[in-house]
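K.L.:
Each chain, written out:
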Amino acid sequence: VTAPPPAPVRVALGQLVERFGGLCGGDLQREVVGFATLQAAGSDQLGFVNAARYRDDVRSSLAAAVLVTRADADRLADVSSRLWICDDPYLQFARIAQWFEAQAHARVPCGTHATAVVDDSAQVDSSTTIGAHVAIGAFTRLAPDTVIGAGARIGRGVHIGVGTVIHAGVTVYDDCEIGARCVVHAGAVIGADGFGFAKDGERWQKIPQTGRVVIGDDVEIGANTTIDRGTLDDTRIGNGVKLDNQIQVAHNVQIGEHTIMAAFVGIAGSATIGKRCMIGGAARIMGHVTIADDTVVSTQTFISRSITKAGHYTGYYPMAEHASFEKNAAVLRRLEGLRERVRRLEAESPTTPEPERPA
Amino acid sequence: VTAPPPAPVRVALGQLVERFGGLCGGDLQREVVGFATLQAAGSDQLGFVNAARYRDDVRSSLAAAVLVTRADADRLADVSSRLWICDDPYLQFARIAQWFEAQAHARVPCGTHATAVVDDSAQVDSSTTIGAHVAIGAFTRLAPDTVIGAGARIGRGVHIGVGTVIHAGVTVYDDCEIGARCVVHAGAVIGADGFGFAKDGERWQKIPQTGRVVIGDDVEIGANTTIDRGTLDDTRIGNGVKLDNQIQVAHNVQIGEHTIMAAFVGIAGSATIGKRCMIGGAARIMGHVTIADDTVVSTQTFISRSITKAGHYTGYYPMAEHASFEKNAAVLRRLEGLRERVRRLEAESPTTPEPERPA
Amino acid sequence: VTAPPPAPVRVALGQLVERFGGLCGGDLQREVVGFATLQAAGSDQLGFVNAARYRDDVRSSLAAAVLVTRADADRLADVSSRLWICDDPYLQFARIAQWFEAQAHARVPCGTHATAVVDDSAQVDSSTTIGAHVAIGAFTRLAPDTVIGAGARIGRGVHIGVGTVIHAGVTVYDDCEIGARCVVHAGAVIGADGFGFAKDGERWQKIPQTGRVVIGDDVEIGANTTIDRGTLDDTRIGNGVKLDNQIQVAHNVQIGEHTIMAAFVGIAGSATIGKRCMIGGAARIMGHVTIADDTVVSTQTFISRSITKAGHYTGYYPMAEHASFEKNAAVLRRLEGLRERVRRLEAESPTTPEPERPA
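So the sequences go chain by chain: A, B and C.
So in my numbering, the last one in the first sequence is 1549, and the numbering has no gaps at all.
So in my numbering, the last one in the second sequence is 1549, and the numbering has no gaps at all.
So in my numbering, the last one in the third sequence is 1549, and the numbering has no gaps at all.
No lab work stands behind these hints: they were computed from the structure.
One or more of the hints may lead you astray.
[As the list claims (entries may be wrong)] In silico DSSO-like pairs for lysine-lysine, Cα to Cα no more than 27 Å straight-line:
no.: 1; chain 1: A; residue 1: Lys-1499; chain 2: A; residue 2: Lys-1465
no.: 2; chain 1: A; residue 1: Lys-1517; chain 2: C; residue 2: Lys-1517
no.: 3; chain 1: A; residue 1: Lys-1389; chain 2: C; residue 2: Lys-1465
no.: 4; chain 1: B; residue 1: Lys-1389; chain 2: A; residue 2: Lys-1499
no.: 5; chain 1: B; residue 1: Lys-1499; chain 2: C; residue 2: Lys-1517
no.: 6; chain 1: B; residue 1: Lys-1389; chain 2: A; residue 2: Lys-1465
no.: 7; chain 1: C; residue 1: Lys-1465; chain 2: C; residue 2: Lys-1499
no.: 8; chain 1: A; residue 1: Lys-1517; chain 2: B; residue 2: Lys-1517
no.: 9; chain 1: B; residue 1: Lys-1465; chain 2: C; residue 2: Lys-1389
no.: 10; chain 1: B; residue 1: Lys-1396; chain 2: A; residue 2: Lys-1465
no.: 11; chain 1: A; residue 1: Lys-1396; chain 2: C; residue 2: Lys-1465
no.: 12; chain 1: B; residue 1: Lys-1465; chain 2: C; residue 2: Lys-1396
no.: 13; chain 1: A; residue 1: Lys-1517; chain 2: B; residue 2: Lys-1499
no.: 14; chain 1: B; residue 1: Lys-1517; chain 2: C; residue 2: Lys-1499
no.: 15; chain 1: B; residue 1: Lys-1517; chain 2: A; residue 2: Lys-1499
no.: 16; chain 1: C; residue 1: Lys-1499; chain 2: A; residue 2: Lys-1389
no.: 17; chain 1: C; residue 1: Lys-1517; chain 2: B; residue 2: Lys-1517
no.: 18; chain 1: C; residue 1: Lys-1517; chain 2: A; residue 2: Lys-1499
no.: 19; chain 1: B; residue 1: Lys-1465; chain 2: B; residue 2: Lys-1499
no.: 20; chain 1: A; residue 1: Lys-1517; chain 2: C; residue 2: Lys-1499
no.: 21; chain 1: B; residue 1: Lys-1499; chain 2: C; residue 2: Lys-1389
Small disclaimer: the values here were computed from a predicted structure and weren't measured.
Generate the whole structure from the sequences, applying the supplied hints.
P.N.:
Structure below.
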């Protein structure tokens, strides 16, 4: 008989304060079961304030305690008995929520499902969990505590590191490496052929893609994200990189450690992205460019050349009501003509115009 | 022995007119088998005109009858014996085509394929069809007349409503709910973790995503679309919502009833989309914004702030021949400078300039 | 016992020169094993120069021979003993690399895996390879030398041509056709319903999608790309078309022969794309438009109307540092007003302004 889902973990608030630190005005005896939004929280739940717009919701919240900064606490002095003051409420929330998650879902190895197909030459640790209808190819090695979700396909000669979780329906092509403690969400495809063709008259000749994908430790890869194998060298994803859903990483791309990218980011072939970059959703990065460490790119921005200086880069067409868009776009289509007209007016002007500033 | 594909359904035109209404000038005895485009239709097929550009094709079409509006019929008086006049030809086409579809593919429950893995604690109605290599987790409930395609992975504690069709290779994570009469196309991923991380020095700490995805009735979800589970609350898709392929819906998003979105739309975390909105392909909606009911967003538009007034909003860079683009883009890069030059010219001007209108 | 991976193929440089042509200054006796980048190449590997930026790397490379053009060879006369001169180094690289690939991975048919489910009525050639957990529907025909990867789902009445490789986890819906020598990468979905709904008050009525997807010969389809079936007619992909990852092709689209598209391209319904077009990443093509043969579209460009004249078309918002973007975008939002101000200045001007040129 299948075991029912576990009951929520209950813990005294005081124990959490002791474990995670900070100054808590709440009732330390009260048992709590986890987090909720301030509006939804019951008296056995915790909350947090990570943006000014949520601050006033503390007053009406039933939460047992709310993580806030010292500065926010000063503005909420009238409800100080509900506050749990800490340096970084969002980070504290992350850590405490991880703790609850670990209690509730302690990972118990389940072995290999009877319907899984594991090649005889594969090395599978006894602490792994391999789900239904998984296929694992020859010479593949699964380190201890890995979890392979139902229907995932892991090719030949793959290595997957300690504690990594591959969700259902992921495909990992031959010879790729995934580090320790990674999470790969459903439908992601790691190691498909890079997109390389040589023109041959009107036809295209395929360039065999013989590199691999090599992914570091502590990487998260979102659902239906695709990371192509390199042409000759490997495509490389650094330690601690976090990729959202439906991202495309082309062949030979290098992504530096702890860089984070939102959904739909597209990185063309052979681009090199620095460390600790933050790339907004649907941003595109041109092939062969280099992006400096710590660069921030806004949503929807097309990075069409290398960025050598860290900074915040943006380029998206501003939205407007459609009629207004139409009028402005009509002017944009002949913007150079408008500049010429201004130049002519300046030429007639009695005073000397200032020089144009460079782009 | 496998049954051959069914023969097409033949029905007298008169029976269709009686069932669906309208005024038909065609031969009511003629048997018809369904729809085709006006160019391709044979004399046992129907056609329709849903845009002025197709109207003249009626004259050369062999179709047994063509659905048209009264206004189009007046312009096609010379071929009135081919016309079937109705209020809304496209809607009438939809309904009649649905009827043909239902006749041709009457759904016969096929039970559970021998290779499917269904947890003992799952509740599966005897009228369901569960395909090859499906995996269904503990405590999951499948309502009557559901169909689960080959290789789909349905997690623990999922609920799927009456008559819903989950196509091949879909992944539904634990605890998600999908309503009645939904269609979820191949490769869609429902309930993967939302993308939430707290900065911890140069590293990122994962925020456990403990909410669910809750999908209403009559929802269609396209191939390889991803809908992430909420962080604390649920991600919610209202009744009658239609999502095309490769859409990304982030954690905590709410989509109102009967909203429709074309391919590649991306909705960032905690956005709230109104009812009956129409969102064009590759439009992006920023996190935490609210979009009013009945809003229309053009293709490729980035909605960077809340929309409180229904209307049609647009923002995409107009295409041009590349050389022209280059010239205009060069001016755009220093547009503020151009405005300054106009201001200087105005300052010298003998007449008082009008004030700039606000953006 | 599983066979170990094959040793790399070793071949004398002279044999390759004889087979593929060109003028080689290298040691023709030396045995080589394939290609590497110029930096990484060992003395038993080959290199190539396909862009000026790589030319100087030849001098420091250890490669046994480097494919170069005659023009590049003239500039590298000091290292002529390392050069292999040919008309088109990139194409020569493609052909030689294909040859090495074919030697190393000679395709040996493996039959049908015991866990695959193949309908009795399907026609499967004895030279096919069908992987673990594959499902193949009724009346489907697999031509000789096809390979179906683990977990792929092939519907009813599908035809797959000679030598085509369907990678793991692909879904092909009923009645679709895929030609000979195609490659379809993991997670691609061929033949899901086109996105068609008729408005019915505030609801949407589904238009049944009864067309198919018909794909020609020598087509490559990237990971997680989706190609929808037609509404009444078929969606058609011509011979030799190459589609990168995460592309969306909507219902009724026609793509001409040898057209190539980078990742994230989206083509809306009923668009017709010409032959030999090159479409950059994340470009979008509006529904019902026609694109001339040999058209080039830049990355991120939205093609909002038909293109009747081949050329290079572009439209993306230029990136800038965020502060600069903000200032320019503020002007862009009231660009029409700026033009009006220029017009007023011109009206006051003593000289007659030139007429505006049309957009």
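K.L.:
Which of the numbered hints above does this structure break?
P.N.:
Per hint list: zero violations.
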